[in-house]
Amino acid sequence: MIIIGEKLNGAIPAVAKAIAARDGEFIRQRALAQAQAAQDEDYFEEPVPLYIDVCASTDPAVELETLKWMIEEVEAAIPEELEHVAIAVDSPSASICAQAFQFCSRPGIVNSVSMEKDADGVVKTDIVFPAIADTDWGYVALLCESGIPKSVEDRMDVFDKIMAKAKQYGIAPNRLYIDPLVEAAATNQAAFTLFSECCKRIKDQYPDIHITSGLSNISFGFPGFRKPLNMAFMSLAMNAGMDSAIVDPTNKDMLGLIYAVELLKEKDEDCMNYIAAHRQGLL
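In this note's numbering, the protein residues as written are 2 to 284.
Just so you know, the hints here were simulated from the structure itself, not pulled from any lab data.
Computed from a predicted model, the values in this text were never measured in an experiment.
Note that CB positions come from ideal geometry on N, CA and C, so glycine has one too.
Worth double-checking, as some hints may not be accurate.
Subject to a maximum C-alpha distance of 30 Å in a straight line, what follows is the list of computed DSBU-like cross-link-like pairs (lysine-lysine) [said to hold, decoys possible]: (1) K266 x K204; (2) K162 x K228; (3) K151 x K69; (4) K201 x K166; (5) K204 x K168; (6) K118 x K151; (7) K8 x K253; (8) K69 x K118; (9) K201 x K8; (10) K18 x K204; (11) K253 x K268; (12) K201 x K118; (13) K18 x K69; (14) K168 x K228; (15) K151 x K162; (16) K268 x K204; (17) K201 x K162.
Distance windows between CB atoms, simulated [claimed, not checked]: (18) E42 x Q190: 38 to 48 Å; (19) P174 x K151: 33 to 43 Å; (20) I149 x E46: 17 to 27 Å; (21) D127 x Q281: 35 to 45 Å; (22) D43 x Y170: 16 to 26 Å; (23) A185 x Q30: 44 to 54 Å; (24) R227 x D137: 28 to 38 Å.
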C-alpha cells in the first residue's frame with residue numbers, strides 16, 4: 002500500500018494558521034511525524050514509497066509562493082536516509098502543479114489532474130502531462146470531466162480519455178494513481194459499489210496502474226463516528242484493487258489494518274512486512 006500523508010493541507014485549521022504565520026517549525030514537525038511512518042530499510046527489505054501531500058489551500062495569487070515555502074520546509078524535515086519519502090504536490094490548479102513540482106529535489110506525485118478544464122480553459126491533463134512527461138513523476142488522476150460522474154460507465158469513459166492522453170504524452174500506466182472518486186455514503190449508499198466496480202475494471206485492463214482515493218470522503222456527514230466507515234472502506238477497497246490511499250500515516254489503527262489486509266490477501270510473503278511493521282513500532 003502506497004500511502005499519501007494527508008496532514009499538511011491548508012484546509013486544516015491548524016495548518017492554515019501555521020501557513021499564515023509562516024511557522025516553519027510546525028510544518029517541519031508535521032512532515033517529520035508522517036515521514037517516520039515510512040518503512041525503514043533496517044526492518045523492510047524493499048521499503049514502499051511514502052508521499053507527504055503538500056497543499057496550501059490559499060488564495061491563488063499567493064499559492065505558488067506558499068507551496069514553494071512549504072516544500073522547502075518539508076524537505077528540510079525528511080531524514081536523508083529516508084530516500085523513499087517524497088512529496089505529493091497538491092493543488093486544484095493544474096497550472097500551479099505544473100510549476101510547483103519543479104521546486105522538489107526528488108520525484109514525487111502531482112495531485113491531481115482530470116479531464117476538467119483549468120482556470121485558463123485548457124484541459125488539466127494537457128497542462129500537467131507535457132510538464133512531467135520526461136520525468137519520473139507520478140500523478141493522481143480523478144475520474145471526472147464536468148462534475149462527478151454518476152455511473153461506473155461514465156467514470157470509465159473518463160478513464161479511457163485520461164489513458165489516451167497519457168499515451169499521447171508517453172506516460173506509462175505505472176506512473177498513474179487513478180482516483181475513481183469516493184462519494185459520501187450518507188448521501189449515496191452505492192458510493193462504495195461504484196468505486197469498487199471501477200477498481201476492478203481498471204485493474205483488469207491495466208494491472209500495473211495504481212488506484213488511490215481520499216477515502217475519508219466515504220464517512221462525510223457522520224461527525225463524531227466516522228472511524229468505523231473509514232476502516233471498513235479501506236479493507237473493502239484494498240480487496241477491490243486499491244493499492245494507495247490519502248490517509249493519516251500516523252494513525253496506527255489504520256496502518257495496522259493496511260498491513261493485516263495485505264497479509265490476508267497473500268501480498269505479504271511469510272508475513273514479513275506485518276512482523277517488520279510491528280518491530281518498527283508502526284502498529
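Item to check | Structure versus earlier hints - violations, ascending order | outcome: Hints 2, 3, 10, 14, 19, 20, 22 and 23 are the ones this structure does not satisfy, whereas the remaining hints hold.
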